[in-house]
Amino acid sequence: MKRLLAFIRKEFLHIFRDPRTMIILFGMPVAQLLIFGFVISNEIRDAKIAILDKSNDQQSREIVHRLLSSGYFRVGAELETEASIEACFKANQANLVVVFEPDFGRKLERNHRASMQLIADASDPNMAEMLSNYVQGIVFEYVNDLNRTSESPTFIQASYRMLFNPALKGVYMFVPGTMALILMLISAMMTSITIAREKEMGTMEVLLVSPLNPFQILIGKLTPYFFLSLINASLILLMAYFVFGLPILGSSLLLVLVSMLFILMALSLGVLISTVAKNQEVAMFISMFALLLPTLLLSGFIFPIENMPKILQYLSIFMPPKYFIIILKNLMIKGIGMSYIWKEVVILGLFLLVFMLISIRKFKIRLE
Amino acid sequence: MEKDIIRVRNLTKKFGDFVANDQLTFEVKQGEIFGFLGANGAGKTTAIRMLCGLSKPTSGEMEVAGFDAYTQTELIKKNIGYMSQKFSLYDDLTIWENIRFFGGIYGLSRSAIRDRSKEMLTRLGIVNLSNRLIRDIPPGWKQKIAFSVAILHKPQIVFLDEPTGGVDPVTRRQFWDLIYEAIDQGITVFVTTHYMDEAEYCHRLSMMVNGRIVALDSPEALKQRFGSSSMNDVFVQLARSGEKSS
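Protein chains in written order, with my numbering: chain X, 1 to 368; chain Y, 369 to 614.
Careful: at least some of the hints might be erroneous.
What the hints assert, rightly or not - Here are the simulated lysine-lysine pairs, DSSO-like style, with alpha carbons at most 27 Å apart:
#: 1; chain 1: Y; residue 1: K382; chain 2: X; residue 2: K278
#: 2; chain 1: X; residue 1: K2; chain 2: Y; residue 2: K522
#: 3; chain 1: Y; residue 1: K446; chain 2: X; residue 2: K199
#: 4; chain 1: X; residue 1: K278; chain 2: Y; residue 2: K510
#: 5; chain 1: Y; residue 1: K382; chain 2: X; residue 2: K2
#: 6; chain 1: Y; residue 1: K424; chain 2: Y; residue 2: K371
#: 7; chain 1: X; residue 1: K2; chain 2: Y; residue 2: K446
No lab work stands behind these hints, which were simulated from the structure alone.
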């Protein structure tokens with residue numbers, strides 16, 4: 001035990017003494033979260049919309065007023081005819097046109113049903129969808145307010161279902177993904193690099209000749225990174241909570257336990273990489289290619305898995321971050337517990353087991 | 369009669385079809401400096417790696433410090449020290465932190481580490497450098513410190529794999545002074561080298577050519593046998609005959 005402690009202390013010294021390691025460990029998560037967070041939330045401030053109000057009555061003006069006072073939109077153009085819509089897009093005066101049908105207000109009062117049209121500039125599909133979601137959210141709120149005072153339900157025809165808080169949709173999407181990405185990268189990349197470094201420097205031989213057994217060497221290597229990754233995970237969650245207002249609806253304890261599981265899995269993956277990599281560069285390269293890209297592209301972080309070609313969908317089955325992201329979304333945003341996520345937890349556990357077994361085996365084989 | 373501290377019988381190591389070590393048989397006596405001499409690729413490093421437990425023999429018997437190399441590796445590890453041709457201290461730690469770490473993994477008590485490091489730093493005359501990072505220390509000093517750290521836990525044997533690679537002759541001489549001091553403390557030294565001046569410093573030498581030991585004796589006896597005045601000459605003769613016969 002004392003030997004192990006001496007080893008762990010040494011590892012902490014390596015980490016704290018290397019500015020690059022410290023930046024990757026703590027700078028990267030903060031920067032990434034802020035970039036993802038603010039890029040997404042800034043996009044929606046002051047988006048340009050155009051209004052084509054064919055009825056121009058109290059109700060339609062009220063909706064326009066609500067749109068503009070939400071802070072998300074400003075008026076890029078006032079349109080008079082349908083024909084001018086295309087020209088408006090081409091001149092980049094607006095990303096979204098809101099069209100009210102004639103007699104909008106009268107129909108609402110009389111029939112409790114009216115329709116409006118949202119025409120979005122879909123050359124940027126994400127933006128288009130986000131904008132129309134926002135508008136629909138605001139219209140939905142307006143209808144809710146109307147229904148509160150009238151007996152028969154009012155309905156404004158809208159093709160999308162709405163979330164309660166459209167402004168946070170971006171954050172909902174990217175926090176679990178960023179967390180998976182950062183933990184994966186840091187845990188796996190850093191351990192693979194630090195082990196590869198010992199090999200490269202020739203100090204690994206010295207360690208293997210010492211009374212420490214390979215298992216102790218691994219534990220000694222992984223312990224500091226386990227704790228630092230855990231600190232990282234907490235940092236991300238705290239930022240998500242305080243800076244972006246992301247709720248944590250489910251059990252925090254469960255969240256921490258699952259994060260630990262995921263970190264352990266990533267650490268053992270790092271060991272596995274280091275048994276293959278001969279030096280630090282190779283370790284870094286493998287980590288980047290084997291971890292960064294698949295995590296970004298195949299885990300459902302950025303692109304929905306359901307929309308992928310079948311082959312990629314099958315491939316995504318082998319992406320551990322995918323399961324972690326599902327768990328995080330369920331735990332944090334939906335607030336549901338273990339009974340809904342046990343499958344994903346078991347799968348992560350299996351990944352951990354497999355990586356552990358292979359890397360311990362390989363680590364020993366290397367000594368021949 | 370001194371007792372044997374390493375006993376090796378028919379030790380063989382194969383990598384696929386390639387025989388790196390072919391039927392090595394030798395003893396190392398307690399308290400001597402035993403040199404392993406050979407050209408690059410002759411199999412020196414393979415042999416020393418097996419003796420240290422870094423690599424498993426293909427066949428043969430091997431006893432180190434009185435323990436069987438197959439079944440008692442943990443006991444062997446506690447009783448040996450090791451320094452490789454690659455530099456074996458941590459660059460980003462200070463001298464003191466390196467000492468504390470290696471003392472720690474060999475299970476020395478805190479007070480033992482403190483006493484021995486003080487003694488060691490005083491002996492080397494670098495007490496004032498103990499908080500300097502290894503990367504800021506001149507190369508010649510690094511090797512001396514690495515050797516001192518390798519014998520910090522007072523092993524019975526220390527294995528040195530080309531410890532003076534890339535070091536100038538003066539520093540090499542100083543390094544050997546440290547090795548003699550270790551011998552005075554009762555530590556057996558097993559050293560591989562391809563420097564002939566270092567070969568002269570050894571008590572006994574084994575010459576390796578193409579994975580086999582072709583001669584084993586004291587430097588004087590070897591020179592006498594081959595009728596030459598320098599080890600270099602002996603070595604060249606042996607290497608030639610070894611190549612012919614293989």
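> Of the numbered hints stated previously, which ones are contradicted by the structure, given in increasing order?
Replying inline: 5
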